[in-house]
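Sequence lines, in order, name chains F and L.
Using the numbering used here, the first residue of the first sequence is number 214, and each one after it goes up by one.
Using the numbering used here, the first residue of the second sequence is number 4, and each one after it goes up by one.
Bear in mind the hints are in silico, worked out from the structure with no lab data behind them.
Source: prediction; values computed, not measured.
For glycine and all other residues, C-beta sits at the position ideal for the given N, C-alpha and C.
Take these hints with a grain of salt, some might be off.
Said to hold, decoys possible - With a Cα cut of at most 30 angstroms, we get these calculated DSSO-like pairs of lysine-lysine: (1) L:LYS86 with L:LYS66; (2) F:LYS331 with L:LYS140; (3) F:LYS331 with L:LYS66; (4) F:LYS397 with L:LYS66.
Stated by the list, open to error - Derived coverage of chain L by chain F (criterion: at least 3 residues anywhere in the stretch with Cβ under 8 angstroms from a Cβ of chain F; other residues may be distant): (5) 82-90; (6) 97-108; (7) 126-132.
Said to hold, decoys possible - Far from chain F, by Cβ distances over 10 angstroms, these chain L residues were calculated: (8) ASP33; (9) SER40; (10) ALA62; (11) ALA69; (12) VAL79; (13) THR135; (14) ARG160; (15) SER164; (16) GLU188; (17) ARG216; (18) VAL226.
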Amino acid sequence: MIELLQNLIDGLGRGSIYALLALGVAVVFGVMHLLNFAHGELITISGYAAYAAGQQGWSWYIIAPLIVVCAVVASLVIERVAFSRVRGESDFTLLLTSFGVHFVVSAAFLLYVSASVKTYPRPGWVTNTYSVGPLNIEVFDTVVIVVTIVTLIATTMLLQRTMFGLALRAASADFDTARLMGVKSDSVIRGAFALSGLLAGIAGVFWLMRAGSTTPSAGIDPMLKGVLAALIGGLGSLRGAVLGGFALGLAEVLLRSRLPDSIASLTEGVIFVLIALLFIFRPQGLITVAHAERV
Amino acid sequence: MSWSTLEADQTVLEVTGLTTRYGAISALRDATLTVGSGEVVGLIGPNGAGKTTLLNSIAGLLKPSAGMISFDGTDVTGHPPEKLLLSGLALVPEHRRIFTDMTVEENLKIGGITQPGANRAEDLDEMAELFTVLRSKWDTAAGFLSGGEAQQLAIARALMSRPRLLMMDEPSLGLAPILVDAVFELIDSLRQQGRTLLVVEQNATRMLEVADRAYVLRSGEIVAEGTGSELSEHDDLFGTFIGG
């Protein structure tokens, strides 16, 4: 029981980061039908910014906001340079474009920075823990969970209370009709990329704090987690993406601690099998997305 | 009504020689029509005559391959829908296309997204007054509305943009007879408010009763134009082209 509770807290911490990544993937998928395999590059780019800032001896109080700003700017630049040119093309073209962006960004760091691992100092409290009764809780997980909850509440308010949020939701449900209402496709798509970058930036702060280093291919792992969690949740459903993120985090922690030691290293493989099973029984993911065409 | 309309004889919409293709097929050929300020104009014709293609081309959802669309004397051919809406041209699309996951109020707010906040708030109050059915369902997800209510929402949502010209695509489609009556009553009351309407309808008889003028489309071409009584005299039009 205690162990389960411990797993639950660890899983929530891990799942929080996945949820933020997945939400960013889902926001962009909603307006553009782009499954963004370049989403992790926002973390790669921010990672090198963190490295550069670390070289200057900057503190994490500066590095953290820098990471967020970098992710937002990178997201907008990538939209401008790559995705705006293929807007309205087939989903497959968009998918390939995102792969292209992923390879170009990691190749650029490989060529112009270095292939080796670049490290930067981590704040001391990342590895601290505190006890609540028999539970050992990481300070890091606590911060991640609290920040994620605040971010999710703020995002919900943005989507429900502001005209931008309404426009984003309308465009996700039915882009053509949203345009008929006067929703500007440029603004809503750029806004979606900015929001997606913001969420990736917040997730990136924690991802990079925990990693303490970056490489040209550092974006692959966060991209996979974000895309998988969004798929688990039912692509296009924002609520589903968040749920998928938490589900993925919990599944990882539970499997890692419950699988026999001899196969614990296969956790990732087992997760893929579980996801495959989910799609056999529920191809639409956890949450079914309503379509405007359904009249 | 808080917003005014122009003089009755002023032309709002002028479509000249409009042709729209789907691949090799011309769904619409050389269509020419005008809508004057304060006029209610019908577009009638059988299924597949090109009525929706014509409206969607005017609204910017389809790119015409030839011809010109002029709105308020300005050439707006090829403008995207969001730009046309800003010029004052709104479309209630076929099948209503309301945002089912959003509430009635949110749907209306989206309709008024191009308006300043104060106008939007004012228009929300006005829609609540005008569409009593919607008032009681203000916070309901639009997906739970009945067909008739959804149609009223679609029309109210389009009115939120304070359009100079409101186009409607088959507003009575799929509605029970009593709700069809409600839709035509609504069109009539919008007309009495002096609004300018271009309405696609399959229900030709009902449309001719409320329209000042109508165009008859058949196989992608406009084959007749006139007032309700003029067109009604064309038994051949009704028998052959409209089928009811």
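Against the structure, the hints come out as follows:
1. L:LYS86 with L:LYS66: holds (14 angstroms)
2. F:LYS331 with L:LYS140: Cα-Cα ~58 angstroms, so violated.
3. F:LYS331 with L:LYS66: Not OK: F:LYS331 and L:LYS66 at ~52 angstroms, beyond 30 angstroms, violated.
4. F:LYS397 with L:LYS66: holds (18 angstroms)
5. 82-90: holds (count 5)
6. 97-108: Coverage by chain F holds here, the residue count being 8 at a Cβ distance below 8 angstroms.
7. 126-132: violated (count 0)
8. ASP33: L:ASP33 is indeed farther than 10 angstroms from all Cβ atoms of chain F, at 25 angstroms.
9. SER40: holds (21 angstroms)
10. ALA62: violated (6 angstroms)
11. ALA69: About 22 angstroms separates L:ALA69 from the closest Cβ of chain F, which puts it past 10 angstroms; holds.
12. VAL79: holds (14 angstroms)
13. THR135: Its Cβ never comes within 10 angstroms of chain F, the nearest being 23 angstroms, so this holds.
14. ARG160: Contrary to the label, L:ARG160 does not stay out of reach of chain F, its closest Cβ about 7 angstroms off (not over 10 angstroms).
15. SER164: Given a closest Cβ separation of 6 angstroms, the condition is violated.
16. GLU188: It holds; L:GLU188 is separated from chain F by about 23 angstroms at its closest Cβ, greater than 10 angstroms.
17. ARG216: Since the minimum Cβ distance to chain F is about 25 angstroms, L:ARG216 lies beyond 10 angstroms and the statement holds.
18. VAL226: Nearest chain F Cβ is 28 angstroms from L:VAL226, so the label holds.
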